[in-house]
Amino acid sequence: MHSAALPRSLAITGLDTFVGVRLVERLLREPEQPRIVGIDLRVPRRLEGRIEFARIDLTEPTADSAVAEVLTKNACDAVVHAAFFARAFSDRSYAHELEVIGSLHVMNASAAARVAKLVVTSTAQVYGARPDNPNFLSERHELHGHPQSPTVQDRAEMERLLELFAKRHPQITVTSLRPCWVVGPGIDSEVIRHFDRARVTTTMGFEPLLQLLHEEDYLNAIELALRKDVPGPINLAGSGALPVSTLLRLAGKRRLAVPHPLLHRLGYLASVWRAGASPEGFYDYLRFLWVLDTQRARDELGFEPEYTTREAWMSLVVSRRLRRYR
Amino acid sequence: MNLDDPDQPWLDKQEIAELRQAIAALRRQLESGFEQRTGAADSLGGDLRGAGRRLLDRATEDPIALLRELGRHLSLLPARASSADVDEFGLDAAAVERARPLLDFLLERWWRASISGLDLVPAGERVMVVANRSGVLPWDGLMLSHVLARHFAERPRFLVADWLVHLPFVQSRLAALGGVRACAENARDLLKSGRCVIAFPEGQKGALKLFHDRYRLQRFARGGFVSIALRENAVIVPAAVVGAEETYPVLYESGFVSRLLGAPALVTPTFPLLGPLGAVPLPSRWHIRFGEPMRLDAVDPALADDPLWVNRMTEQVRGRVQRLIDAEVRRRKSVFS
Numbered sequence: 027m028h029s030a031a032l033p034r035s036l037a038i039t040g041l042d043t044f045v046g047v048r049l050v051e052r053l054l055r056e057p058e059q060p061r062i063v064g065i066d067l068r069v070p071r072r073l074e075g076r077i078e079f080a081r082i083d084l085t086e087p088t089a090d091s092a093v094a095e096v097l098t099k100n101a102c103d104a105v106v107h108a109a110f111f112a113r114a115f116s117d118r119s120y121a122h123e124l125e126v127i128g129s130l131h132v133m134n135a136s137a138a139a140r141v142a143k144l145v146v147t148s149t150a151q152v153y154g155a156r157p158d159n160p161n162f163l164s165e166r167h168e169l170h171g172h173p174q175s176p177t178v179q180d181r182a183e184m185e186r187l188l189e190l191f192a193k194r195h196p197q198i199t200v201t202s203l204r205p206c207w208v209v210g211p212g213i214d215s216e217v218i219r220h221f222d223r224a225r226v227t228t229t230m231g232f233e234p235l236l237q238l239l240h241e242e243d244y245l246n247a248i249e250l251a252l253r254k255d256v257p258g259p260i261n262l263a264g265s266g267a268l269p270v271s272t273l274l275r276l277a278g279k280r281r282l283a284v285p286h287p288l289l290h291r292l293g294y295l296a297s298v299w300r301a302g303a304s305p306e307g308f309y310d311y312l313r314f315l316w317v318l319d320t321q322r323a324r325d326e327l328g329f330e331p332e333y334t335t336r337e338a339w340m341s342l343v344v345s346r347r348l349r350r351y352r
Numbered sequence: 008m009n010l011d012d013p014d015q016p017w018l019d020k021q022e023i024a025e026l027r028q029a030i031a032a033l034r035r036q037l038e039s040g041f042e043q044r045t046g047a048a049d050s051l052g053g054d055l056r057g058a059g060r061r062l063l064d065r066a067t068e069d070p071i072a073l074l075r076e077l078g079r080h081l082s083l084l085p086a087r088a089s090s091a092d093v094d095e096f097g098l099d100a101a102a103v104e105r106a107r108p109l110l111d112f113l114l115e116r117w118w119r120a121s122i123s124g125l126d127l128v129p130a131g132e133r134v135m136v137v138a139n140r141s142g143v144l145p146w147d148g149l150m151l152s153h154v155l156a157r158h159f160a161e162r163p164r165f166l167v168a169d170w171l172v173h174l175p176f177v178q179s180r181l182a183a184l185g186g187v188r189a190c191a192e193n194a195r196d197l198l199k200s201g202r203c204v205i206a207f208p209e210g211q212k213g214a215l216k217l218f219h220d221r222y223r224l225q226r227f228a229r230g231g232f233v234s235i236a237l238r239e240n241a242v243i244v245p246a247a248v249v250g251a252e253e254t255y256p257v258l259y260e261s262g263f264v265s266r267l268l269g270a271p272a273l274v275t276p277t278f279p280l281l282g283p284l285g286a287v288p289l290p291s292r293w294h295i296r297f298g299e300p301m302r303l304d305a306v307d308p309a310l311a312d313d314p315l316w317v318n319r320m321t322e323q324v325r326g327r328v329q330r331l332i333d334a335e336v337r338r339r340k341s342v343f344s
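In order, the protein sequences belong to chains F and L.
According to the numbering used here, the residues represented by the first sequence are 27 to 352, in order.
According to the numbering used here, the residues represented by the second sequence are 8 to 344, in order.
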């Protein structure tokens, strides 16, 4: 079935995230006025009193029945699952509980409440940045993840569970959105924090092409996924790709190129402290190619990014410059 | 020694004369040494002796001017390649422009390539050039793409071996000049986007041939390139590159060390004996020949999944390339002249 209207009633897990807040604000401006219920540990201040809120901890063992209850009570047609950490969380077991088991709870609740659509905001990092990647990764590519990045491994495991779930429940349209790195003035993530420094550390001698997606385009894609029925994974990326050095030069940043054996050894402690992972888990994404083939997004979802990679990057750079002059 | 001023000689006339005498003496010594140690004319020793003599012939022509020119071209390349706009496969037009004098020098003066059959290459269609792999480093791919650059609207891309992508510095430099990692998806995406692809189906087997096996084509992978060409409606153009195998005459290849390093470990007469300098490719004379294009229009696309047809077609292409090679090897009179 192909519908271009928003679902009449939808639930959003991970309300207190960039996706949660901005998506709800967008949907509240729509003339269709869908009924929205948000699920998280606390309601963000911007949305206080504007929508229904259910306080559910997805890491609790009873989370699935609690979520199912909320979905049934509000007669939800669709669920947007965005309950993921924006940056790597140092407590890996808690993060695993939320991102994998929590997602499983949401999936089971969606099946029990008989929703028609489940949209999950995943990431294209699950393909893994490897030297033997083809120049363009399509959705059929195997999910290798990254053995040294627990975050990516958790997401890859979540994707695999999602695929099994979709097979077992063919009546639910399960869409998994896999964007490249999303940048913009409002969003926060590990890579943005990494690039916010004046001197950016990269691996010496490697110059992969990077794609970036602007945050507005990301929200556009999520909205399109809610309107249209496109089951399966979808790669999302801004048009064009740029090498890392060009990005840094455009931003006027200095590059600190460290040979990779040194980088992985010296950065180990800091990385484990901050992100619970060894440095390769992040730096390999600045070392090897993981450029996405976005044919499926164009053809089936009808998604055309309004911002190219360069424009998305510049919007981030300009917003940072303005911030300094405030 | 002043590389920037071409008119000022590195060495004065006296030193040049002495150098020439020393080279001639060395040559006589080598010749007599080889004569003593080697036997039949087509043994490895005989081959090396012939190659060595021809290299010395070449070296005694005008080594100083040639090396000086090479040095000048290398010094003109900026130390750090800054990439401005690259296309989706990594090709940097500005880097190609900067490297063009060096590439022209390599093609016309260092390797003095003679090119034939260029008019046989179709211009407006999807083309997959299939050539013999000659050498571990992708000089052959680089030179073929440079030769065909003017023939096509877009610069053709050449497929490079896996292990090169693992090395720092190499992947981006190669990509800037048109090198793309060799895999089925990349070949398919390149053809889909309308670019010419230069493929070397022999792969590592072809690169690591020992010197006495040169110009004998190894097995052409498992025929993946034929399936891709059929599915993407591409024309297969067989090409032979003769002379590139002598740039690194491989004497011995160590499997154990290769696995340790993750890269081919080769022994040539100059490498690793002379260190990194020994990896400079020797100035052998290249002959590049393009053959009649092989069109797959009349073939049923479903045959791309038929292993028997694929194998037969692969052998046909391999046969064509081998015939081109043999014709060129017979035609040329000596390796280095």
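These aren't lab readings, by the way, just hints derived from the structure by calculation.
If you're wondering where the values come from, they're calculated on a predicted model, not measured in any experiment.
Any given hint could turn out to be false.
Here are the simulated DSBU-like pairs of lysine-lysine, each with C-alpha atoms no more than 35 Å apart in a straight line [claimed, not checked]:
| hint | chain 1 | residue 1 | chain 2 | residue 2 |
| --- | --- | --- | --- | --- |
| 1 | F | K254 | L | K20 |
| 2 | F | K279 | F | K99 |
| 3 | F | K193 | F | K254 |
| 4 | L | K199 | F | K193 |
| 5 | F | K193 | F | K99 |
Outcome of the hint check:
Pair hint K254/F plus K20/L does not hold up; C-alpha atoms about 81 Å apart against a cutoff of 35 Å. Our distance criterion of 35 Å between C-alpha atoms is broken by K279/F and K99/F, whose separation comes to about 52 Å. For the proposed pair K193/F and K254/F, the alpha carbon gap of about 19 Å is at most 35 Å, so the pair holds. For the suggested pair K199/L and K193/F, the alpha carbons sit about 32 Å apart, so the restraint of at most 35 Å is met.
For the given pair, K193/F sits about 26 Å from K99/F by alpha-carbon distance, which is consistent with the 35 Å threshold.
Hint violations for this structure: numbers 1, 2, all remaining hints satisfied.
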